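Participant: Following the hints, put chain B in place on chain A, whose structure we already have.
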Amino acid sequence: MDERDFDRDLLPIARHVSYLGKQVGIDLRHKASLRADLLGRHAELTARRRSRRFAFLSLGRGLSLTSAAVAAAVALAVVIPDVHLGGRISPQTAEAARIAMAAARTVPTVTSWQVTLHRVKGNTATATNCSFPLREGARFYTRGGMIYLFYRGKWYKFTARGQGTCARWQYQFLSLPAALASKKIASYRHTTVRGQRAEVASYASHVDGKTITVQAWISAQTGLVLRLERSVTSGGRVLERELADYSYHQSSP
Amino acid sequence: MRVLVLLAFLLAFGGPSLVRAANAPPPPPDGGNCPWCSGPPPPPTPVPTASGSLAPLAIAVEAEVRPSKVHRGQTLRLFVEATQSPKANVVAQLQFHSGKRHSYHKKLSSAGKSTFKWTIAPTAPLGQGTIRVKVSSPGIQQPPVVNFTVLK
Numbered sequence: 001m002d003e004r005d006f007d008r009d010l011l012p013i014a015r016h017v018s019y020l021g022k023q024v025g026i027d028l029r030h031k032a033s034l035r036a037d038l039l040g041r042h043a044e045l046t047a048r049r050r051s052r053r054f055a056f057l058s059l060g061r062g063l064s065l066t067s068a069a070v071a072a073a074v075a076l077a078v079v080i081p082d083v084h085l086g087g088r089i090s091p092q093t094a095e096a097a098r099i100a101m102a103a104a105r106t107v108p109t110v111t112s113w114q115v116t117l118h119r120v121k122g123n124t125a126t127a128t129n130c131s132f133p134l135r136e137g138a139r140f141y142t143r144g145g146m147i148y149l150f151y152r153g154k155w156y157k158f159t160a161r162g163q164g165t166c167a168r169w170q171y172q173f174l175s176l177p178a179a180l181a182s183k184k185i186a187s188y189r190h191t192t193v194r195g196q197r198a199e200v201a202s203y204a205s206h207v208d209g210k211t212i213t214v215q216a217w218i219s220a221q222t223g224l225v226l227r228l229e230r231s232v233t234s235g236g237r238v239l240e241r242e243l244a245d246y247s248y249h250q251s252s253p
Numbered sequence: 001m002r003v004l005v006l007l008a009f010l011l012a013f014g015g016p017s018l019v020r021a022a023n024a025p026p027p028p029p030d031g032g033n034c035p036w037c038s039g040p041p042p043p044p045t046p047v048p049t050a051s052g053s054l055a056p057l058a059i060a061v062e063a064e065v066r067p068s069k070v071h072r073g074q075t076l077r078l079f080v081e082a083t084q085s086p087k088a089n090v091v092a093q094l095q096f097h098s099g100k101r102h103s104y105h106k107k108l109s110s111a112g113k114s115t116f117k118w119t120i121a122p123t124a125p126l127g128q129g130t131i132r133v134k135v136s137s138p139g140i141q142q143p144p145v146v147n148f149t150v151l152k
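Here the protein sequences come in this chain order: A and B.
Residues 1 to 253, numbered by my numbering, are exactly what the first sequence covers, in order.
Residues 1 to 152, numbered by my numbering, are exactly what the second sequence covers, in order.
For reference, chain A alone in the conformation it holds in the complex (with noise of 0.2 Å):
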């Protein structure tokens, strides 16, 4: 808890709660989940909070308004004492946990997946369709940016190295979603992919005076990876354009 977010006259009641907070064990998986929830709601507010500001000036709320923000706070602050609450977290990294929550939801029902990958470089065009299916009764989870694999009644740590043309796409629906938070997204926005709601995630490197951007349709719903398009240039020029196209077999919707 940081004390500074709160008012002076707050402070005993915070206190109080978070010393009851620290009385109460919680599941450590149930934690996480708990903290990219609320990392979600904060997110809301501040949004919300910002659009309002100017309302709030005018019309003399401020003080009903600030109360609210200041009651979800001391509930963040009690469940994820080590997040601070100054407006610090960004909706690019409230939205990134939200996708990584649902696609730790989604990635044990997958039974295989298709990757079907189209790309030009020059003057030659590829389409590559590759199918990835797990044995029977193996299962994928996600957590904490960790990827595990369930098989005959036993789990193992699983290291997303792929093989072949499609290697750099076979595991994206595994890694990405964590992944994101880590990386510098340029924007969110909402379309839809094959009927689905999706949310698009664009960001990029630079690699010897080349830039690499890369583009990520993911499932609003499942997490899952829907779309990823890749392109590498040099002044201005395209070199080389991938695109990956996925689709998914579950085991339950």
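Hints were generated in silico from the structure; no laboratory data involved.
Please note that the accuracy of each hint is not assured.
[Claimed, not checked] Listed below are several chain B residues computed to face chain A (Cβ distance under 7 Å; list not exhaustive):
1. Pro-44
2. Pro-48
3. Ala-50
4. Ile-59
5. Val-61
6. Pro-67
7. Leu-151
Fair warning: this is a prediction, and the values are worked out from it, not measured in the lab.
Glycine included, each C-beta is placed from N, C-alpha and C at the ideal position.
Facilitator: Relative to the frame of chain A, chain B by itself:
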């Protein structure tokens, strides 16, 4: 103010059961037998690293067209590779920007490779055409479709 603080308190201590319901793993497909639903054991329980043999095997079909921007009179080549399907039958369905679709049949080599070659007719329609590659082999679900463009 007291109500709001109370609300915050309830959210912190009463919320977990509500959030648990929303974030719980999906219901097991077979009505109760779901050993993976609870996830891997939390640290510090050691979890071994999966060997490469546990990774799912890729079943891939690759179709490459060269040059992707072709002129009338030029030769268009299609390279097909499906290494998991040696000697399989392969059909390339070529369609120009307009007109009928033409099918060409071949067999993949023992290494799972094959090459098709066409000379673009002087009357071939300009614009984007497609080649659909179908390999007859189990596990291959969707045929890759590769595009080319007849420029002039």
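Participant: Hint by hint, say whether it matches the structure.
Facilitator: Against the structure, the hints:
For the restraint placing Pro-44/B at the interface with chain A, the shortest Cβ-Cβ distance is roughly 11 Å, beyond the 7 Å limit, so the hint is violated. Satisfaction of the interface hint for Pro-48/B is found here, the shortest Cβ-Cβ separation to chain A being roughly 6 Å, below the 7 Å cut-off. Because the smallest distance between the Cβ of Ala-50/B and any Cβ of chain A comes to about 4 Å, under 7 Å, the interface hint for this residue holds. The interface hint given for Ile-59/B holds, since its Cβ lies 4 Å from the closest Cβ of chain A, which is under the 7 Å cut-off.
Hint status for Val-61/B relative to chain A: holds, with the closest Cβ pair at about 5 Å, below 7 Å. Interface restraint check: Pro-67/B against chain A, minimum CB-CB distance 4 Å, threshold 7 Å, status holds. Taking 7 Å as the C-beta contact cut-off toward chain A, the hint placing Leu-151/B at the interface is violated, the least distance being around 11 Å.
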